[in-house]
Amino acid sequence: MTLRQPEASEIIRQTAVDLAVKIKSRELSAVEVTRAHLDRIDEIDGEIHAFLYVDQERALASASRVDAKITAGEAVGPLAGVPLALKDILTYAGAPTTCGSKILEGWLPPYDATVTRRLLDHDMVILGKTNLDEFAMGSSTENSAFGPTRNPWDISRIPGGSGGGSSAAVAAYEAPLAIGTDTGGSIRQPAAVTGTVGVKPTYGGSSRYGLVALASSLDQPGPCARTVLDAALLHQIIAGHDPCDSTSIDQPVPDVVRAARSADVSGMKIGVVRELGGEGYAPGVEQRFGEAVELLASLGAEIIEVSCPHFVYALPAYYLILPAECSSNLAKFDAMRYGLRVGDDGVASAEQVMAMTREAGFGAEVKRRIIIGTYALSSGYYEAYYGQAQKVRTLISRDFDNAFSQADVLISPSTPITAFKIGEKVNDPLAMYMNDLCTIPSNLAGNASGSFPVGLAAEDGLPVGLQVMAPPLADDRVYRVGAALEAALESAWGGPLLDRLPELGSVR
Amino acid sequence: MTVLPYEEALAAYDPVLGLEVHVELNTVSKMFCGCSTAFGAEPNTQVCAVCLGLPGSLPVVNAKAVESAIRIGLALNCTIAEWCRFARKNYFYPDMPKNYQISQYDEPIAYDGWTEVVLDEQVYRIGIERAHMEEDTGKSLHVGGLTGRIHGADYSLLDYNRSGVPLIEIVTKPIEGTGAKAPQVARAYVTMLRDLLQALGVSDVRMEQGSLRCDANVSLRPVGTSPFGTRTETKNVNSLRSVERAVRYEITRQAAVLTGSGRVIQETRHWHEDSGITTPGRSKETAEDYRYFPEPDLVPIAPSREWVEELRATLPEPPAAKLNRVSAEWGFTDLEMRDVISAGAVNAIEATVAAGASPQSARKWWLTEIARRANEAGVDLENVGVTPQQVAEIQALVENGTINDKLARQVFEGVIAGEGSPAEVVAARGLAIVSDEGALAAAVDEAINANPDVVDKIKSGKVQAAGALIGSVMKQMRGQADAARVREMILEKIG
Amino acid sequence: MALTAEDVASLARLARIELTDAELEILAPQLDVILESVARVSEVAAQDIPPTSHALPLTNVFREDELRPSLPREQLLAAAPAAEQMRFRVPRILGEEA
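Chains as they are written, first to last, in my numbering: chain F, 1 to 508; chain B, 1001 to 1495; chain V, 2001 to 2098.
The set of hints was computed from the structure by calculation and includes no laboratory data. Honestly, I wouldn't trust all of these hints.
Said to hold, decoys possible - Heads up, simulated EDC-like pairs for lysine to aspartate or glutamate below, C-alpha to C-alpha not over 20 Å straight-line: (1) F/K425 to V/E2023; (2) F/K425 to V/D2032; (3) B/K1139 to V/E2084; (4) B/K1139 to F/E351.
Predicted, not measured: the structure shown is a model, and the values here were computed from it.
Turn these sequences into a full structure, and let the hints guide you.
See below:
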């Protein structure tokens, strides 16, 4: 089976911006656009497995309604009629939300996430739900209870995680846009290894209402796209204050669209984080990163080096805070009110049924993190583990504050290596955790951060991503730098990186 | 279960109490979502994603609940935190949908206060450790076992209407120095708290409905020593009466254990109102580890000092001041006031006076007729089934001569039985005093004719003997006569 | 600070997960390795450092005490593993309410 690279003229090759324009002008109908993407999913998703659920009828019905509105001259949203995929950890009433887990297999949520609601209210078309590592825990999508997703660049390799489904769908032209969620890099790292764009807004920038919680103080929904402007437009739609989320920011969304359109870094001070590079980083990654840094300099930015000495503690702090919060967040999955129930034979107690169900319903990584989290919060250990990790978090924030006093944005590779083989790190949790080295600090400090494709690694021809980090509420700076890179690189390449996506079925 | 006689127990041991009271607030909506808090709705009709803890749901704090928490704290002379947070208390139980309760741990909104309780003219100052906000759990129905209790049940049915209703937990500091009065002091404290919360208007405070709950902690130490003994916590204390009885029982039970050279086990016990004993809950090998950590889905609460002062201005009269005031207004003697306080009848009398009755008459009815019925039925005064308004109405009927005191008791009976308002009961049961002079005269004649020796006594000067004749007339009239008029008529007749 | 299979079993009980013996054998050393690496956080002298919960120091986020629609009962019970008498049916509960 081969991945047919769509022709440049094909609908599915278009950017979200172009599709929106054509739908609005009625050059294309929303139904045609949706159908083209559904056909693409039919064609290749058997191989890629980006989708867990395709909501075919409702998507076409939505598209049809958008066409009717446009025909009637009614006002519609800026991306009206453009289809997208939702990571299967956000609720969408009427469609199953599994979170990649057996414990929620078939669960139909009775309510929409705020993000979902905003997409629908802006006349977008939801194609379906994408695959993820179970409960968003992982960096490869191999922890999904429903089988891994494959990287369109090389189907023997991982598409990143936890949001591998969203990034793969976008990279393989199954959808021009997707929504992901990022707790430790789950939007950015998949973007990096699939050659796409993925942004994590400032913590509190997008609503978490309806996002099944992993680590409440770290989770953020965000846009996945093939271009920076597409991502910015999607970001603008989903972000903003939500009274249903007490942690959401009550301020206007930073003007990310304008920043993406400006793409101008002249006069910006860009800090390269010393600690995010060197040993453990693939040569190809460092090379493409280095070239991108020079490119930014040539575009008028001032490059400086900054040091964030406490970043070396980011991974350990994260792998204490996340398990602690998730051990509590996942306690609700207990077979009593919804989801899987195992062992209820009329004799077993509620306690036993809970324990049997959770044993059967949760995968290995989820169990690992729940146990670690339970330990980290338990009496006698709280201060040394969770308590201490939250203090380290403050130190990391201070490192960022210090760095941002010297530079407008900070950059680093998005992840130390390129896409590894499926199965390669599955039995080595620590090695798997290393994928998040670069992305985690931003989750801990809550600042905005995005990954942008900067080329293919020389040694394996696989995508490399560059991460741009900006202070909280300065999400626009992330897009400004990303857009500048994109414009310059695509000009040098003669087209987007994804043009080099090989035939499906090829293995490197 | 062995118990030591109370006096013996108190001779050897000094009780120390700790009272934890949970108050359900009367906000319109729940603590963290907009579902209704109305009592008595059909099961699971007041539930949403948040209070059912559905995946993806998030809590948002009810401003009114915070306001009530602060007012309660101020009324208990607490310090109001300048900055505090919610915390998760993690444990698994089917009535708790998230398997953690959002509560407050080491940062309560109010702490370090005090209050006073008056009992038998003695004032007890009780320290308040803290008052904090938390959410209530759902309700379970246990099916298949005996008496609907959890032991031996086959399965359970969960109703989450109550899940998420705002609760304020008020915890006292250890209460020492009450000696033999410990049970009454405990009851008086909960009564005072109930009256205070009612005056604040923050809760329905109905123990029988669960909007006021008390857990009683009791420990004993040998008289004259200071280290605290091991304490037990007793739950299912559902009325003011139960508070007193449960504390008293625990004292006698623990005393028996200690005197028998045993050790009191630190445990949670269950009070049984019918049998008057406590029984142990499931014993736990280790204390439950709740793994508290600050609630990441909520942000800290930092009540401004201006807001706190605004709320302080809305507080009602403090209990001690109120008692002084009403005592003076009502003109009761110290002894009368003392009885009123220990009966927990202050608010009831106040309401009855407000409805038009004289303080003395209000006091009479609440402390005699109604108190008697309360004791017989084993309930608190307010649950006997008659309202202060109705008491005032009954008193008015006595004062205008429609009925007399004796007949009034039948009216109480009718009202409590649900036969209607006092006036309706009088009509339906035909209790009105007969004022028909003809009928009275006939009865008087009958009495005189039937008791010639009594008549002789009266004629010879022993006017008190008329009592027997009055009695006979009253009997004939089934009590529905004005005794004073009857006496008049008898004496007139006899000359 | 080696984590034994017994330690893991007790944590699993606290977390209501009935791990198999085989899982316990594999998990204990895995968790131990992870815990050793995360224990690095204690290298940092952080006595006077306040903990962080939120990137932006929000406070006092409230909602008005107003009614909002509840969810339809039928829909909620339809998702339940078992329901009876308009309530969620659960197996017999061993423990006491806290």
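Proposed proximity, V/E2084 with B/K1139 (alpha carbon, max 20 Å): 14 Å, holds
Given hint F/E351 paired with B/K1139 - CA-CA distance at most 20 Å: 17 Å, holds
Straight-line alpha-carbon gap F/K425 to V/E2023, limit 20 Å: Given pair F/K425, V/E2023 holds - Cα atoms ~19 Å apart, limit 20 Å.
Restraint check for F/K425 with V/D2032, where alpha carbons must lie at most 20 Å apart: 18 Å, holds
Comparing the model with each earlier hint shows no violations; every hint is respected.
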